[in-house]
Amino acid sequence: AQRVTQPEKLLSVFKGAPVELKCNYSYSGSPELFWYVQYSRQRLQLLLRHISRESIKGFTADLNKGETSFHLKKPFAQEEDSAMYYCALYGGDQAGTALIFGKGTTLSVSS
Amino acid sequence: DTAVSQTPKYLVTQMGNDKSIKCEQNLGHDTMYWYKQDSKKFLKIMFSYNNKELIINETVPNRFSPKSPDKAHLNLHINSLELGDSAVYFCASSPGVGQPQHFGDGTRLSIL
Chain G
1311 AQRVTQPEKL LSVFKGAPVE LKCNYSYSGS PELFWYVQYS RQRLQLLLRH
1361 ISRESIKGFT ADLNKGETSF HLKKPFAQEE DSAMYYCALY GGDQAGTALI
1411 FGKGTTLSVS S
Chain U
13 DTAVSQTPKY LVTQMGNDKS IKCEQNLGHD TMYWYKQDSK KFLKIMFSYN
63 NKELIINETV PNRFSPKSPD KAHLNLHINS LELGDSAVYF CASSPGVGQP
113 QHFGDGTRLS IL
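Going down the list, the protein sequences come from chains G and U.
Going by my numbering, the first residue of the first sequence is number 1311, and it counts up by one from there.
Going by my numbering, the first residue of the second sequence is number 13, and it counts up by one from there.
Rather than coming from a laboratory, the hints here were simulated on the basis of the structure.
The structure presented is a predicted model; accordingly, all values stated were derived computationally and were not measured.
All C-beta atoms, glycine included, are put in the ideal place defined by N, C-alpha and C.
Any given hint could be a false lead.
Said to hold, decoys possible - One side only, chain G facing chain U, incomplete, derived with CB under 8 Å:
1) F1344
2) L1354
3) L1356
4) R1359
5) Y1396
6) G1406
7) T1407
8) A1408
9) F1411
Throw the hints in and build the complete structure from the sequences for me.
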């Protein structure tokens, strides 16, 4: 069954520290993976998708098919990075297929 | 502005009432969705429509009925509201499977 696992509910770091938000997935086909960010009481915003291989706001994520992981990383955390981060996977390849979300990780960056 | 917009942003009502949430997207996307975010911030799909056709109907009570009058609109009507319906409901759209989804601001539903 398709599944996205984010093992950490909360990750607290100090400003300037490296950050790694973990995401593991279970999917039989070729996965389409995304990271979304939700700042306090706001909409979900796309942060990254695995095929773009770009860096947004200093974040990167690499798909590791061997480990079925798509961890989100940033070398130096900033206070404005504090938010809820969701890893998500498309559950199929048919029109109308929805995203399957992990349970989310709250990142708290303090000075 | 191009966006996914949903109204109302806040909805406070009593148990047993019937309410609707509206969603519109002007991005020209073919697919629209309703997700529910519960009190633990867990997001789960409720419905998806592709070109006005219902594709996904997850195990959601019959009291929830989506309606898509055209591919730019997907409304959600809820009958006989219950305490457990309190949540944030997000509308989203995408141009196609595998493409990023764009989300609305959410509707925070509180049942008294």
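How the hints compare with the structure:
| no. | hint | in the structure |
| --- | --- | --- |
| 1 | F1344 | holds (6 Å) |
| 2 | L1354 | holds (4 Å) |
| 3 | L1356 | holds (5 Å) |
| 4 | R1359 | holds (6 Å) |
| 5 | Y1396 | holds (7 Å) |
| 6 | G1406 | holds (3 Å) |
| 7 | T1407 | holds (5 Å) |
| 8 | A1408 | holds (4 Å) |
| 9 | F1411 | holds (4 Å) |
Going down the numbered hints, you'll see the structure goes against none, and every one checks out.
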